[in-house]
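> Spelled out, the chains give:
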Amino acid sequence: MSVFVSMASLQACLMSTPLCASLSLPRLSLAHPVAHLSRPTLRFFSGDHSITMAQSSPMSMPAWVASCARGRMRFRASLKEDTAIDVGSESVAARASPRLMLVSDLDSTMVDHTDKAHASLLRFNNLWAAEYAHNSLLVFSTGRSLEKYTELRRQAPLLTPALCIFSVGTEIRYGVTMEPDQDWENYLNQGWDQAVVLEEVKRLNLRLQDESEIRPHKVSCQIDKKDATEIIDTLSRRLKDRGLDVKIIFSHGLDLDVLPKGAGKGEALAFLLHKMKTEGWAPQETLVCGDSGNDIELFEVDGVHGVIVGGAMEELKHWYEENGKHNNRLHQAKERCAGGIVEALEELSLGPYLSPRDRMGPNGIQLSDTASENGQPKGSGLAQREVVEFNTFFEKWINGEVPNDPETFQRLTSVIAPGSTMVYPWGVEKNLLESVTDAQPKHGLTKDKKFRTWIDCIQEQKLAEGVFMVTWHAWQMSEGAERTGYFATAIFREKEGTPNGVEWLRVHETPRKS
Amino acid sequence: MEFMGAPRLLIVSDLDHTMVDHKDQLSLLRFGALWESEFNHDSLLVYSTGRSPTMFSDLRREVPLLTPGIAILACGSEIFYGDTMTQDFGFIDELNKGWNRAAVEEVAAEMNLKYQCDSEQRPHKVSFHVRKEESAHIMPMLREKLTAKGLDYKLIYSGGLDLDVLPRAAGKGQALSYLLKKLKAEGRAPQQTLVCGDSGNDIELFGVDNVYGVIVANAQDELLQWHADQLGDKSHIFVATERCAAGIIQAMQHFNLRPNVSPRDISVPLSVHDKLAPKPDGGAVSREVVEYLLLTEQWLRGDIDASEEAFRRLKFGLAKESNRVCPWGVIENPHEEIDTLRAQHGSQKGKLFYIWADRVRSIKLSDDSWLVRFDKWERSDAGLTCVLTSALLQANAEFPNGLYWRLIHETWLKGYEGSAALKG
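Residue numbers (my numbering), protein chains in the order written: chain A, 1 to 514; chain B, 1001 to 1424.
With the rest of the complex left out, here is chain B (with noise of 0.2 Å):
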């Protein structure tokens, strides 16, 4: 069920900084939100990070991360593709030549570079912190000894502290142009791409032909500075004035890449007054998942009024006859059980509580049913948990997107288990 076509839109975005608020979650909810409801489906989401990929399932674990489509981990060195995050071993065979790990190593010591910790050490990145002020005459010094082994190389130098070196044919712009190369040559190429980034080593992927850029508002110096030092048309980048994902947001209406509204942005739509919905299609499918987990955080947290006519789209969403096999292990009716959710409006309020949809994708079983399937993750005090769910949507021209739920059925994600949960 993974999107294996060639892509509506392509996103390249770096995390830290970027689509990463270390300090706020709400943006990067945002632009999941968007990106599961609407672009899931034909789109492709890659993230280009300078973290190896343990720190990378660490970030995951702390933020609302979405899955990504492909990963291009280590500053460019190492690319993953889908759920399994299978390695691309033909990029390998291209970064192995002109590549000695060991003669780096040995010009460190002689340099006596002060290594990063071991989980940023890569086969194909060798990683140390040198000091701004002491980056004018090591770098130099590096170079030529580096040059001197007869190695491929590329150092890059970014946040003031942190320096990485690495094959020549690495570097995120390198590996997002191999990409490009693979997946045209697979007849996938995008139709638009949009990179993102924040500093130095994201500067390569403004480099790459025929794709917009977005910088975020919180950019550092060193890429503000590269672009202004840009000449002739740089109509193709944006400087965002917002923060990180609420940045891309930004761009993807600036540059017209639509949808660019996030669900988290607008009333979701409790019903459909006088007119009836129309035949549901894939989107509406997507759309439909991530707007009633929205709902029931919402509720939860008090977001909305405890209305009746949202708490109706909450219950006759789910049909009369509907079955839930709870992760905890009974099978319940939700339409019947989701009475206990009334009380609990707003028992969220002014707490840590996020409630939201990875993964969403849908089979078309027939004009009148789907099967989805989607990860719902929910973040509360109590902790991070996740459930692999499957679910059966059959068309229903009464509800905003032409469809209600029959069957939920969910699993703990295996090192994610909650307990049995109060709320629906």
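Just chain A, with the same shape it has in the complex (with noise of 0.2 Å):
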């Protein structure tokens, strides 16, 4: 028996547009509609926005399209802590949707526990930065709360995301600053009464997950696999007689959620989806990733692609197996974890899936011209490749997994404009070439001590004719040390024959308070 709320009802509601054409829905002015994609403070609105409605047809209607209508919604991005750098000019992306929306699970999907060392993870991490940040968007959709988020944040090197679902789909909080969607909240109030829950969970002594878990709209226990089917059944009908709509979802062989009926990630997904299509910016292609019972609904969402990836949950395989296998818009990885996730790039068709630190071969050099391959024009996020690339290859020359010969080296020394600066995070400037070519002999310095480096919030913007400014946070992990983290700044010009076609001009770098 099905435990899960089918999502057919809100689909039907999605795909009906004569019902969306009934909906004046006016378009939203953006402040800058092209300039914020890839940010992960996204200012999505300008103002205050209310969405007024049609008279006709509000019944088969989603629900939330007539709370927000209610509700008002705003959403303001602050420029407080973390905000990405923007000069209000040219963005590298010049379109109104992202080209791809990946959303992710967290645990055992982006982040594998199994390894400390997070290589797939930081894999991940580098061809999003290299190949997604500036067109793409990035979202988790996760079970945690927001406080054990913040908590796997620390141990995980995981990239700022556009969004968050928290919390199964009950939550929706937008860039760092995290300013929840109130229309969501509204809607979810509906049929829903936290208090209530608790009393009969209570009733069937089932035992209640940390405090942290139980969250206004998400109220979780841990159960026996052995007595699932009828602890569900039970409490669904309890929760009936009282009056309430509850979804109740059973994943990893013990979690137990209840939540509002209109609640999960697929309907979060979906409402966002929605959203951003009513706006003009809907992704062009989405990309929904898991591993386990709560992500089902996700795949189920109307167009997506899907990726399960390897080490998955039994309950997702099982539904893979039964409804999942003959879409061809789904994958079932091989490789674990973020690994399967870009497997999925590959084997879906979703753009690039080589990483700079893939396509860096033996001898250092790029193995491909990945520029040309996506069609992409000129100068167009190739600065921001270009610090990708960089700093993979330093990584790699520091930690001596590249030849150490001159030749090889000359990939960091011939992209530098010959008196350009650097502002190291310490509070000395050099000669950038001076410095660069300083660490020519620390070759393998750091062979032992698992040296990483991650690039997150990368952005890249036009200021003038070949010329280019890139803003991105930079952090820097090894063994036994804490993580560090810098605010970048860097200017580039354009440059023939260069790996990508410019050249460094200038950099700036700030240690980030801890």
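Possibly wrong hints are sitting among the right ones.
[Claimed, not checked] Okay, the calculated bits of chain B under chain A, using three or more residues with CB under 8 Å as the criterion: (1) 1322–1332; (2) 1355–1366; (3) 1369–1376; (4) 1382–1396.
Simulated from the structure, these hints should not be mistaken for laboratory data.
Positions of the beta carbon are idealized from the N, C-alpha and C atoms, including for glycine.
Relying on the hints, combine the two individually framed chains into one complex.
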């Protein structure tokens, strides 16, 4: 018996174009619609907005559309802490919709808890920064609460997503400021009463999870697998009797989540997609990634691609066998976790799948020119790729993973404009070419320390013809040391004959406040 | 980004009591503002001082002294170039001819001369204290003994106390000649040169061909006397009526070396009124940096009124969408954050508080955008801090210099860290 609420009604609403057409949904004016796609703090709207509904057919419409009309949508990104830098000029993402929206679960999907070195996650990060950050959207959809998510961020080298869907689709929060989506909250309040759910759960003597996992729109317990069917049956009957409309999800072989009926990772995603579509910037493609029961709904959202990563839970594999096997938009990966996500990008032809790490041959040379593969206009996203490739190469040099010879090292020195300078985060300013050259003898210095770097929130902006600025957050970690982060800004100028068509002019780094 | 062309103006100045007035910082700040806003991009500032490298660094921590293009230290026996203070070993080679430090030390031992402190002793400079009343008989004896040793030496006695023994090829004048010869050979001969001094060991500077000279008002008798004794046309030397760096500015005005009015001596322009500013050039960028920092200082010191116009200049001079990476490690929107500055008007009144820019250098990225780097120094009761700054300025005809700020990225200069400031 299916314990999962079908998405049918919601999907029907989403698909019925006459319905949508009957809603006069004014197009929202975005402050900088083109300039905000890849940034963690998205300014979706420049001000308050309310959707007005047409009079006809309110009944088969998704209820949250109605609640949008009642509520006021206000997403004002604040520019405190961790804001990505914007100088308001033409951004690389000069198109209205993200090429790809990647919605991923965290535990055992994006994050592999069996690998302390987080190798496949770093590989994903590397690929994302170089090839996707400028025109695609990263979304995390996790069962974790905000609190537990923050904990996870301290443990694993996660990128900063554009938005997060927390607590099994019961909370949608934007950017780094984690501004919650009010309309989503209002919608979830219908047919829900947290106190009542807690009472019934108590009546059945079910063991509640940690306090942080009990949220306004989510009550979570831990039960024995063998009792699952019976408990779910009883609980859902009782809550129905008490006038609530809930959804119950069993996952990971022990977690039981009780949510408002309209909640769930899938519903939240559908809501998001609808909102983006309404505003004219729906993603061209969506890839959802999961490993367990509470991800099933993600796969059921209409029109998405999906990957079940290697090492997925039985309940998801079972679902795939029953429902997903013949859907050519779904892929069951062999590789674990983030490696499986990269595998899916390749298998489902959703975009570049070779990160600079992968493309760097044993002699340190890039193996393929993905700029022309992607059909991108020259200079677009290339300075950004240069940053990622340069840093990847530097890391490999310091780790001794590329040959120690001058020709190989040239990859670094040949892209630096003479006279260019860098301000280092420890407070000195040097001639960039000189200081890069000083690094040459440091080949293999960190060989045994598992020195790793990754780049987050990378963004390229064109300042003038042939001149670009890239800003990013640089992170470093090595065995036995605290991770360190820097805010970086760099200026580039077009230059023929360089790997990415640009040379470095100036770099400036400041240590992040920890 | 360091200027490496032929300087429009070369200034060669002594430090103590010439560029630096130990009693008052203001004239040095006035000179600094003028230099950074109008000359740093195409002119060369050279210090010529008796101080050794260590003492030179010390001085830079005590007073708001700009970074020079070239430093001639230890009484013209050491020459250092640029930000990295690279030493000129070609000059050392010349000094080594006919020089033997050990021989000097032997003579000193024989005569029981009193050494100055260790930091004053350099490879090509041996320094003693000789009291005025003893100098009359010590000097001739010293000369005799050093000559007997076969040394090619020079003695400089100044301030009525300091005696330096140097190779003959050393000395402020020699070092300057060497430098000018080198600049000429590199195609960098300056269009104009101004030398500045206050005491005996500066005399040589004034003897160099084709230079203007200024003797500051507080100069030592020995220099004033020397000047009085000069016969013939000495119109190329100006005796200032103002002390130290103020006297240098006076000389620039006297010799019509322009521009010669410091931004600190006029009101910072707050608006363009009816006409729009022209397209900016490198000069506009430097001026904007110096003026913006100056205006901030004036606001905090209450040296200007808390006018709406002044505050708008500060706030809207930062683009609405601008960003700032603060040296304490967070990113903010400075256009919004500056509102806290409003309430801080006059908060530094009567206190020790100065902000100044050093090493202002810009690169044109396009007709409309400029990258500028500078060191932003701040001296207050809390101490001395410095921030290495990169900034992106874009053309905006609504502002006096035709520019406004889009991006500021700051990192504490090592050794001069501050804490998260309340002010902008």
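> If you look at each residue in the stretch 1355–1366 of chain B, do at least three have a Cβ nearer than 8 Å to any Cβ of chain A?
holds (count 3)
> The stretch 1322–1332 of chain B covered by chain A? Criterion: 3 or more residues, Cβ-Cβ distance below 8 Å.
It holds, with 10 qualifying residues against the three required.
> Count the residues of the stretch 1369–1376 of chain B with a beta-carbon closer than 8 Å to any beta-carbon of chain A: does the count reach three?
With 3 residues close enough to chain A, the hint holds.
> Count the residues of the stretch 1382–1396 of chain B with a beta-carbon closer than 8 Å to any beta-carbon of chain A: does the count reach three?
holds (count 4)
Of the numbered hints given earlier, the model fails none.
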